[in-house]
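J.: Here are the chains, one letter per residue:
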Amino acid sequence: MTNIIDTLETAEHPETLRRVAIDPVSRVEGHGKVTLLLDENDHIHQVRLHIVEFRGFEKFIQGRPYWEAPVMVQRLCGICPVSHHLAASKAMDMIVGATLTPTAEKVRRLMHYGQMLQSHALHFFHLCSPDLLFGFDSDVAKRNIVGIAAAYPEIAKQGVLLRKYGQEVIRVTAGKRIHGTGSIPGGVNKNVSIEERDYLLKDIEQIVAWSRESVGIAQKLFEKNLDLYNSFGRFKAHTLNLVRDDGAMDLYHGGLRARDMDGNTLFDHYDYSHYWDVIFEDVKPWSYMKFPFLRSIGPEQGWYRVGPLTRVTQCDFIPTPLAEQARKEFLAFNGGSAAGATLGFHWARMIEMLHSAEQIRELLHDPDLQGTDLVTKGQRQERGVGVIEAPRGTLIHHYKVDEHDQIIRCNLIVSTTHNNQAMNEGIRQVARQYLDGRKLTEGLLNHIEVAIRAFDPCLSCATHALGKMPLEVELVDAEGTMISTLSRSMDGAFSYQNDNLATD
Amino acid sequence: MNNTSTFQLDGTDVPFESGQTVMQAALAAGHYIPHLCYHPEFKPHGSCKLCTVKVGGRTAASCTMPAEAGLEIESDIEELNALRRTLVQMLFAEGNHFCPSCEKSGNCMLQALGYDLEVHTAGFRHMYPDRPLDASHPDILLDFNRCILCELCVRASSEVDGKNVFALAGRGITKHLIVNARSGLLNDTNIALTDKAMEVCPVGVILKKRVGFKQPIGERRYDKRPISAQALDDAPRAPSGAKHE
Ligand code: SF4
Ligand code: FES
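Read top to bottom, the protein sequences are chains A and B. The opening position of the first sequence corresponds to residue 1 in the working numbering, with each subsequent residue numbered one higher. The opening position of the second sequence corresponds to residue 505 in the working numbering, with each subsequent residue numbered one higher.
Keep in mind that the hints were calculated from the coordinates and are not lab data. Any given hint could be a false lead.
[To be verified] Keeping only pairs whose Cα atoms sit at most 30 Å apart, straight-line, the calculated DSBU-like set for lysine-lysine is:
#1 LYS712/B <-> LYS59/A
#2 LYS713/B <-> LYS400/A
#3 LYS718/B <-> LYS59/A
#4 LYS59/A <-> LYS679/B
#5 LYS679/B <-> LYS728/B
#6 LYS700/B <-> LYS176/A
#7 LYS59/A <-> LYS33/A
#8 LYS679/B <-> LYS377/A
#9 LYS190/A <-> LYS713/B
#10 LYS190/A <-> LYS679/B
#11 LYS377/A <-> LYS220/A
#12 LYS176/A <-> LYS712/B
#13 LYS377/A <-> LYS718/B
#14 LYS400/A <-> LYS190/A
#15 LYS712/B <-> LYS190/A
#16 LYS718/B <-> LYS176/A
#17 LYS164/A <-> LYS679/B
#18 LYS176/A <-> LYS328/A
#19 LYS712/B <-> LYS728/B
#20 LYS157/A <-> LYS236/A
Could you put the whole structure together from the sequences, leaning on the hints where they help?
T.: Here is the structure:
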């Protein structure tokens, strides 16, 4: 029994258990579902996060000319298209044998930091602040961005404007706010004009200041609820991220660094063009999504965590002063407890947002942005791998292109896939801590969602529901008969059927 | 020769020279009639039917119809524009036109017509035909997914380039573009990048390789001006009064 509760991945006698599903998980990007198996005493035997992932894309792109990939892959995802755009472009840089000009690299970096800013702002303010500011089991009718706008208008406004600024940076560099075409194999197709630069410079000091305040908000939340934040869904994990040659945080380019859960380095500055020598993808019968693992540790224990919490804790320093100061405070906080906490993700995310704002400021003052040397090429290659630190974590694009310029193979490992097992660990931990042996309520189930949201998973679906996604929790007995349902409609209203669910 | 004859187009007098088609005269006089398979440099072909107008209650393709004095022609009327929208919808449904990742986006006549005629819905179930690319040529890509069978490349290759690289084969719904080579592959033809056939495709079938998105979206031909305005710029204008005697 202890053993089962230890893993919670697969129950011993599922046929005797009651099934509860959270489907879809709300306020995450896309479509996900959690299933719980409970016995008659409400003890939990199995917890699984299922992500409905669309893998048809890798097939779809076969036969297409390679220069189409950076534009086509953006359609994978309406949420962080820029990350796919850039990862595919980096892979295609390899295909055309290009070393980027300073202008091309800086325009792309600017685009990437704009994406980071808008994505992190969206996640923290729109998707998570309702849980964090009101409480995980607070009144569900208010626990959304509309409630935040009413109770904390200043915070809501900053969130909206931070996001909008990031989108403007993307528009200027990529040509459009979403699904632009700025980055092409070997470079970019436009620079940043003086007018565009001045337009962005106008507000950048305010954006840096707000990003700083946002770090403060994340920190205060942690301080105020120290015990909860420290322990909520906490688990130890190996880590994977990109770092610059000198060990600095670099969200656009670097070598791979992996450390085990005790902080020992497994590999460092590893050339990602051979990532498959250190990372492998496992398949599990109950999920469509792959489970990548570190080869040196093996499929059972080799899963790892990517994303803001990993990047902020595993880099040697952040190369912008305000974010570096914030990183030091984060690591020193309460003896380092935040650095290992699942809810430390939010704080780390805000540090990255600050870093991105500082990077944007630095780049906007760089005259290379107005350079006219935009594209280069060199010796053609057959294989291209592009890796980038996307808002949600390491993103790998891998292509093989034949001598006719057609893509013949494609493999993508997206951030959320890297975090697949880590998210499962997080929710199992929460199930153990808060749900086991208790009557389920909406508030308790939301604890599971809070843990998932900490990772900011992007569940490959264009649905952009901002806390209004319909949610349905079903209790089904061993024979498959529906015992009760708890549902939330699009407008956020809850309805219960049956008294199997307590109402707090 | 009578050079002062006119016909009426949507109630306006349009002057024409003998031998001109209704389309030629209309464009030259600054009146746009939607078209796809018509190209000012080629003999009209009359296959897409987008240029259909009404003359005395009957419909006719304006690109092939000789201009005649006194004709009363209707073109920009909702009845015809609705039919044109349907034709564009059918062309979209017949091929695989994935504008968001198409490198011709912004330079494509079909897409531009879709915008100009305000085609807002698919209208028909997409047929998703299976049409593999021909990437055999080192510098030229053929993406048959987008072919609308206008035969401009066929005409350009034979009439201007003197090569006959392209032809149409099959009938009805199985009609398709082929390459005149025993292997069926473009690499086994004598096409060259400088050929006229490389310039004329109104959609994204005949492409110079490795160009892709070098020109930013937003700065392309039909991004700047709608096709109805652009087509008038391209039309050969009779220098006013040139041939009057
Ligand atoms: S390839 Fe282009 S020019 Fe040739 S028939 Fe097809 S659409 Fe017309
Ligand atoms: S333009 Fe007249 S039929 Fe095509």
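J.: Quick check: which numbered hints come out false for this structure?
T.: 5, 6, 8, 10, 11, 17, 18, 20
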